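Each chain, written out:
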Amino acid sequence: MSILHIVNKSPYEKNSLDVAAGYAQDGDSVLLIEDAVYAAAKSGKASAKLNGLDVSVLGSDLAARGISEDKLVDGVAVVDYAGFVDLVEAKDTVQSWL
Amino acid sequence: MKLTIQVNEGPYQHQASDSAYYFTKAALEKGHEIFRVFFYHDGVNNGTRLTTPPQDDRNIVNRWSELAKAHDLDMVICVAAAQRRGIVDDGEAERNGKDATNIADGFRISGLGQLIEGAVQSDRLVVFGD
Amino acid sequence: MAEESKKLMYVNRRAPYGTIYAWESLEVVLIGAAFDQDVSLAFMDDGVYQLTKGQSTEGSGMKNFSPTYSALGDYEVTKIYVEKESMQERGLTLEDLQHLVWEDEDDDWAERDSIRLVSRDELAKVMAEQDVLFNF
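Residue numbers (the numbering used here), protein chains in the order written: chain C, 1 to 98; chain E, 99 to 228; chain G, 229 to 364.
So here's chain C without its partners, still in its complex pose (with noise of 0.2 Å):
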């Protein structure tokens, strides 16, 4: 069964996004939201952690922390609140990586 990994925290407080890359397998998803979206940000050493992954980041996060879509690292989809449902649809599960 497929899993969307959610990620809240930011990658330089917790190590919940190496977990989350760690546990995820073909065809499961992962999902920056909160202060996890600074691993988005393609000028930080985070967003290596995301070669590999398909990667969704909530846009309304991205944008309270004043990163512009410009920003992103190459191939993360930016989603709103109605995409985060769709995702939640598409995976058989979801695992909150807290």
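Everything labelled a hint here was simulated from the structure, so no lab data went into it. This structure is a prediction, so every number in the text was calculated from the model and none was measured. For each residue, glycine too, the CB sits at the ideal point set by N, CA and C. Warning: the hint list may mix true and false statements.
Stated by the list, open to error - DSS-like mimics (lysine-lysine), calculated; alpha carbons at most 25 Å apart, straight line:
| hint | chain 1 | residue 1 | chain 2 | residue 2 |
| --- | --- | --- | --- | --- |
| 1 | G | K353 | G | K312 |
| 2 | C | K91 | E | K100 |
| 3 | C | K91 | G | K235 |
| 4 | G | K353 | C | K49 |
| 5 | E | K196 | C | K91 |
| 6 | E | K167 | E | K128 |
| 7 | G | K291 | E | K196 |
| 8 | G | K353 | C | K91 |
| 9 | C | K42 | C | K71 |
| 10 | G | K234 | E | K100 |
| 11 | C | K91 | G | K234 |
| 12 | C | K49 | G | K312 |
| 13 | G | K312 | E | K100 |
What the hints assert, rightly or not - FRET-style restraints, in silico, Cβ to Cβ:
| hint | chain 1 | residue 1 | chain 2 | residue 2 | range |
| --- | --- | --- | --- | --- | --- |
| 14 | E | Q111 | G | T296 | 26 to 34 Å |
| 15 | G | D349 | E | A168 | 43 to 51 Å |
| 16 | C | D80 | E | Q111 | 23 to 31 Å |
| 17 | E | D155 | G | D332 | 53 to 61 Å |
| 18 | C | K45 | G | Q316 | 18 to 26 Å |
| 19 | G | K353 | E | Q219 | 21 to 29 Å |
| 20 | E | R193 | G | D302 | 26 to 34 Å |
| 21 | E | A198 | C | G52 | 53 to 61 Å |
| 22 | G | E232 | E | D155 | 39 to 47 Å |
| 23 | E | E127 | G | D349 | 19 to 27 Å |
| 24 | C | D74 | E | E127 | 24 to 32 Å |
| 25 | G | G246 | C | G66 | 28 to 36 Å |
| 26 | G | A261 | E | D188 | 28 to 36 Å |
Unchecked claim - Here are a few chain G residues that face chain E, going by a calculated C-beta distance under 7 Å:
| hint | residue |
| --- | --- |
| 27 | K234 |
| 28 | V256 |
| 29 | G260 |
| 30 | F263 |
| 31 | V360 |
Following the hints, complete the assembly by docking chains E and G onto the known chain C.
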């Protein structure tokens, strides 16, 4: 899709309650069913009616109450977690000898079984926390 | 109630005592036992510390809830996955953890180990089989 939402943190301290609220709202707008919103750990603090947030900021408690009213949501506060943190309804006040209640509209206090039931009966459990 | 039982996994990633998540997560497991589902627990990251022996809380004034883990067998929790990599990072071995068992009624109540030491990859596969993943 039938959803149960779990909220692990209180209002304002963490973004969890906000994220859970907007997710729940979006799910409803898309026509999905919210089986239950379950508040655990400090999440029970979303159910106090005594908050007075600044006028220019969102009112997290009222927002949940209004969403519950508009969509007939079942918002449950875990009794054990509520007792620890002082969220009290009439029943709890009487049982535990408290001289006041503070539960907000739209919330009800009940057991952890409600979370398990939600998880078992729903298609997805989505957890928001720290 | 659902007709078939679901696979419920409780994921534990935090140390005990510094925050309440470890204890309140256990409370869900205990209540959840009444629902007759296919339950397993996963301990990874600092969650592995929850299972260590020798926790003595008198000086800290906190309730020592570690004995509750040994009661899990009585609540029909027979699958406790502990991640090897998290143990190794923290210099822990199985010897440092409580010896958790359950009694197999299909085998004359023989005592069986509940703890399954697994690699991250193995645990990821187990997680992918679950219907519900609880996080605290």
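Cross-check of the supplied hints:
1. This hinted pair checks out: K353/G and K312/G have alpha carbons roughly 14 Å apart, not beyond 25 Å.
2. At most 25 Å may separate the alpha-carbon atoms for a hinted pair to count; K91/C and K100/E meet this at roughly 14 Å.
3. For the proposed pair K91/C and K235/G, the alpha carbon gap of about 16 Å is at most 25 Å, so the pair holds.
4. Between the alpha carbons of K353/G and K49/C the distance comes to roughly 21 Å, so the proposed pair stays at or under 25 Å and holds.
5. A distance of roughly 45 Å separates the Cα atoms of K196/E and K91/C; the hinted pair therefore is violated under the 25 Å criterion.
6. About 18 Å separates the Cα atoms of K167/E and K128/E, which keeps this hinted pair within 25 Å; it holds.
7. Distance restraint check for K291/G and K196/E: the Cα-Cα separation of roughly 24 Å lies within the 25 Å cut-off, and the hinted pair is therefore satisfied.
8. Of the pairs offered as hints, the one joining K353/G and K91/C holds, with about 15 Å between alpha carbons and a cut-off of 25 Å not exceeded.
9. Taken as a hint, the K42/C and K71/C pair is honoured in the structure, with Cα atoms around 6 Å apart against an allowance of 25 Å.
10. For the proposed pair K234/G and K100/E, the alpha carbon gap of about 15 Å is at most 25 Å, so the pair holds.
11. With a C-alpha separation of about 17 Å, the suggested pair K91/C and K234/G falls inside the 25 Å cut-off, and the hint holds.
12. The suggested pairing of K49/C with K312/G holds, with an alpha-carbon distance near 22 Å, which does not exceed 25 Å.
13. Annotation: proposed proximity of K312/G to K100/E is violated, straight-line Cα distance about 35 Å (limit 25 Å).
14. Between Q111/E and T296/G the C-beta distance comes to about 28 Å, which sits within the given range of 26 to 34 Å.
15. Checked against the hint of 43 to 51 Å, the C-beta distance between D349/G and A168/E comes to roughly 45 Å, which is consistent with it.
16. At roughly 25 Å, the beta-carbon separation of D80/C and Q111/E lies within the given 23 to 31 Å, and the hint holds.
17. D155/E and D332/G have their C-beta atoms about 56 Å apart, which keeps the hinted 53 to 61 Å range intact.
18. For K45/C and Q316/G, the hinted distance range of 18 to 26 Å is satisfied, since their beta carbons lie about 25 Å from each other.
19. The supplied range of 21 to 29 Å is met by K353/G and Q219/E, whose beta-carbon atoms lie about 26 Å from each other.
20. Evaluation of the 26 to 34 Å hint for R193/E and D302/G yields a pass: the beta carbon distance comes to about 28 Å.
21. Distance hint check for A198/E and G52/C: the Cβ-Cβ separation is about 55 Å, which falls inside the suggested range of 53 to 61 Å.
22. Between E232/G and D155/E the beta carbons are some 46 Å apart, a value that agrees with the proposed interval 39 to 47 Å.
23. Between E127/E and D349/G the Cβ separation comes to about 39 Å, which falls outside the hinted range of 19 to 27 Å.
24. The hinted range of 24 to 32 Å is satisfied by D74/C and E127/E, whose Cβ atoms lie roughly 31 Å apart.
25. Judged by the Cβ atoms, the range 28 to 36 Å given for G246/G and G66/C holds: they are separated by roughly 32 Å.
26. Between A261/G and D188/E the beta carbon distance is about 30 Å. The supplied range of 28 to 36 Å therefore holds.
27. Interface hint at K234/G: satisfied, since its Cβ lies 6 Å from the closest Cβ of chain E, which is below the 7 Å cut-off.
28. At its closest, the beta carbon of V256/G sits 5 Å from a beta carbon of chain E; the interface hint therefore holds under the 7 Å criterion.
29. Because the smallest distance between the Cβ of G260/G and any Cβ of chain E comes to about 5 Å, under 7 Å, the interface hint for this residue holds.
30. Interface hint at F263/G: satisfied, since its Cβ lies 5 Å from the closest Cβ of chain E, which is below the 7 Å cut-off.
31. A distance limit of 7 Å between C-beta atoms decides the matter here; for V360/G the minimum to chain E is near 4 Å, and the interface restraint holds.
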